[in-house]
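Chemist: Please work from the sequences and hints to get the whole structure.
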Amino acid sequence: MEFRKLVIAAAAGTLLLAGQAAAQGTLRIGMTASDIPLTTGQTDQGGEGMRFLGYTAYDALINWDLSSAEKASDLVPGLASEWKVDAADKTKWVFKLRPGVKFHDGSAFDAAAVVWNLEKLLNQQAPQFDPRQSAQGRSRIPAVASYRAIDPSTVEITTKSPDATFPYQIAWIMMSSPAQWEKVGKNWDAFAKTPAGTGPWKIANFVPRERVELVPNPEYWDKKRVPKLERLVLVPLPEASARTAALRSGQVDWIEAPAPDAIDSLKKAGMQIVTNAYPHNWTWHLSRVDGSPWNDVRVRKAANLAVDREGIKELLGGMAIPAQGFFPPGHQWAGKPAFKLRHDVAEAKKLMTEAGFGPNKPLETKILIAPSGSGQMQPLPMNEFVQQNLADAWIKITFEVVDWNTLINIWRAGAKHESSRGATGMNYTYFIQDPFTGLIRHLQSSLQPPAGTNWGYYSDPEMDGLFDKVRNTFDAAEQTKVLQKIHEKYVDEALFLMVTHDVNPRAMSPKVKGFVQAQNWFQDFSPVFMAK
Amino acid sequence: MLQYLLRRFVYAIPIALGVSVVCFALVHISPGDPLASVLPPDASLEMQQIMRQVYGFDRPLPVQFGFWLWRALAGDLGVSIATGRPVAGEVWHAFGNTFMLAALAAAFGFSAGALLGLVAGYWRGGWIDRLASTLSIAGISVPHYWLGMVLAIVFSVQLNWLPATGAGPGGSADWTWDWAHVRFLVLPALTMSVIPLGIVARSVRALVGDILSQEFVDALRAKGLPESGIFLHILKNAAPTSLAVMGLQLGYLLGGSILIETVFAWPGTGFLLGNAILQRDLPLLQGTILVLAMFFVVLNLLVDVAQTWLDPRIKRA
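Residue numbers (this note's numbering), protein chains in the order written: chain A, 1 to 532; chain B, 533 to 849.
Please note that the accuracy of each hint is not assured.
Under 7 Å between C-beta atoms, here's a sample of chain B residues computed to sit facing chain A [claimed, not checked]:
no., residue
1, A575
2, L577
3, M579
4, N692
5, P695
6, A696
7, G703
8, T794
9, V795
10, A797
11, P799
12, N807
These are calculated hints, taken from the structure and not from any lab test. The beta-carbon is built from N, C-alpha and C at its ideal position, and this holds for glycine as well.
Modeler: Set out below in structure tokens:
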């Protein structure tokens, strides 16, 4: 309590001194998470954790640009004002740190702090090693081999092999204050209660499992992103109907992911529904092990042509973007695939006939699905809809239903593993924000289980060559061209059953103003304010 | 009596041990990776092995159980995998919240249920009986998460009288017994009271009916005892069994309801348990189950003692 008062007093005092316009209101948000995500820096609870307690209270060396709703967001300088790869040795990256940045506890951010934070994730012998943050952060930076401070404002990070996607990896890593950790007795649990990062928000009050309150950091280094609100309150409300009731009764001002069937009534009650495309897709990941019917490109294309994507959009009350590829339409890496994902049952039947199937000889196969799960949208009705669509093209699907955590484990284990129960595909939705999570991890042959999550054991030297090229192309524009080429190959060879993209709906009270929904899993709460 | 208490207390030890073995084993047999809550889905196998080591899941199960039990005996239930906070603290805090809810729900459910049952049993077959029976069957049958949602829609969304979720304007950490906080209790407590209300009403009704048909009632009537006196006799005869039913129900209430606490985002043991299950947070799951099981044991003991005290015919050999 005392700390909370102190922080509020300090924040209010500085605000007055700075002579800024009065901050506007308190925004209360109902999250879908069942607990407050970790507050120590590297968050848990997936994309939602990073959205609410990562990029609010902390920064990475490289941040995501969350300022535009129109274009897909890309990387921008964060705590590093510039970075470049060594011209002679492409495994050496040099980061120039932004001068004058301070953590919330007043200590200075410098090269030693960067090294300290990498040790917190990667070095089990380091006193500040934190298993919980390591579990979240370590797998995000697989390329890192070593790191050192060259001088107080310069850090060098060496990768295991040349990797031009490294900036996307380092954008995951949040910088916590070493001085604050020392001050609270070198204890991460104590740090969790009184955390300090460099972000635009300070964590002021934290009641485990119930709520966390953030107040603006008026000294934030990016003056454009100093929050306009007085206070941001985050409440975990995992139950969709509870979130809707909380919004409608005025207990919160904003809810994440309202249930699709509640959207109409929320609109009628005067709530704003904000949506936008973001790097997410809803697909069937197809197995390519011997004997899988999906090894025939005609069958893969037929399935993609049989799906009525507009029908699915209607099923979801309009809350979906029909797929034109693996990435949402208009994404900078979409390119120009020749194969169009249209609804054409006649063409699908033609392809199936060529592949040796017919009305009396349908293709019968099994697909793994889960009845719920993070990002899975409405998996049961959607999968049944796709099942009916495919039946039109003589593809008879039976479902193997498992719970979400089991599906994740099967996804890690691979299509050949007995836990996959002979299924030739699984319904899995993907976070596709960067080259690795978006494209490489699904299909690189060296990432077949157990090394990675190429669940279907796809292997194509041409694709592997393209992935290598992405990692070795350090010019951004050139790299984009390679990524487009990869995506064209994804679509033209119908490597997945590509169905739809989520639109990330949020419902908010008419009083909430100034929010720009970026095409990203993360969002910026700094421009938001409450109308009087 | 003291000897009896002591013996019961000694019996509780193997029960507690049995409960901890069963809950440890069940949690470990059930599918799902205990590291699912801490690892991102695409963590590599190497990464999983490192984490397994860090959390001690690479050791044989009996060894893990031994460590866990040893620490549990000292009151240390370990640390939650997902949050890193001590399990004991989490469970006690949640139990405090559930206790408030259960106490209110029991106060309402038991008194209303006993009254309904008494009335229905005494005037068996009449319209009051039919009304009371309908109410109590409805109470048992209605899915309470559904009732919770309906109550929230009516009283929070439509009428805006009571809050729909949470435990107080600032969370349960700064709870005080004033209307600003207590109003958060009303809807979940009401929803929670419906089942014990139905069960208590039905048990009491049956008991009263049974007692009324016994010969001693005829004898009392023949003796010329006024109806109010007979009523008192019935009350006293029905009390021990009703108390046993209520004790069990109180146990269920104290266990918290995963569904109700989730619908109302009430930070009690049910909510905690639901979270622990969804996140495969084994230490939290084991700790919560153990504490709840121990409460059942203690509660049963208390009910037995109260029964003996109320009805001297029940001799506990």
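Chemist: Hint check: is the beta carbon of V795/B less than 7 Å from a beta carbon of chain A?
Modeler: 6 Å, holds
Chemist: Hint validation: N692/B versus chain A, beta carbon distance must be below 7 Å. Holds or violated?
Modeler: 6 Å, holds
Chemist: Have a go at the M579/B hint: is there a Cβ in chain A nearer than 7 Å to its own Cβ?
Modeler: 5 Å, holds
Chemist: When the nearest CB of chain A is found for L577/B, is that gap smaller than 7 Å?
Modeler: At 4 Å from the nearest chain A Cβ, L577/B passes the 7 Å test, so the hint holds.
Chemist: Should the interface hint for T794/B be scored as holding, given a Cβ-Cβ cut-off of 7 Å against chain A?
Modeler: Given a least distance of 5 Å, the restraint on T794/B holds.
Chemist: Holds or violated: is there a CB of chain A closer than 7 Å to the CB of A575/B?
Modeler: At about 4 Å, which falls below the 7 Å cut-off, the nearest Cβ of chain A leaves the hint on A575/B intact, so it holds.
Chemist: Report holds or violated for the interface hint on A797/B, using the least CB-CB distance to chain A and a cut-off of 7 Å.
Modeler: With a closest approach of 5 Å, the A797/B hint holds.
Chemist: Given P799/B as an interface hint, is its Cβ closer than 7 Å to any Cβ of chain A?
Modeler: Status holds, d = 5 Å.
Chemist: Answer holds if the nearest beta-carbon of chain A is closer than 7 Å to that of N807/B; otherwise answer violated.
Modeler: At about 5 Å, which falls below the 7 Å cut-off, the nearest Cβ of chain A leaves the hint on N807/B intact, so it holds.
Chemist: Taking 7 Å as the limit, does the beta-carbon of P695/B come near enough to a beta-carbon in chain A?
Modeler: At about 6 Å, which falls below the 7 Å cut-off, the nearest Cβ of chain A leaves the hint on P695/B intact, so it holds.
Chemist: Quick check on the hint: A696/B CB to chain A CB, less than 7 Å?
Modeler: 4 Å, holds
Chemist: Holds or violated: G703/B as interface residue toward chain A, Cβ cutoff 7 Å?
Modeler: 4 Å, holds
Hint check: no violations occur; every hint is consistent with the structure.
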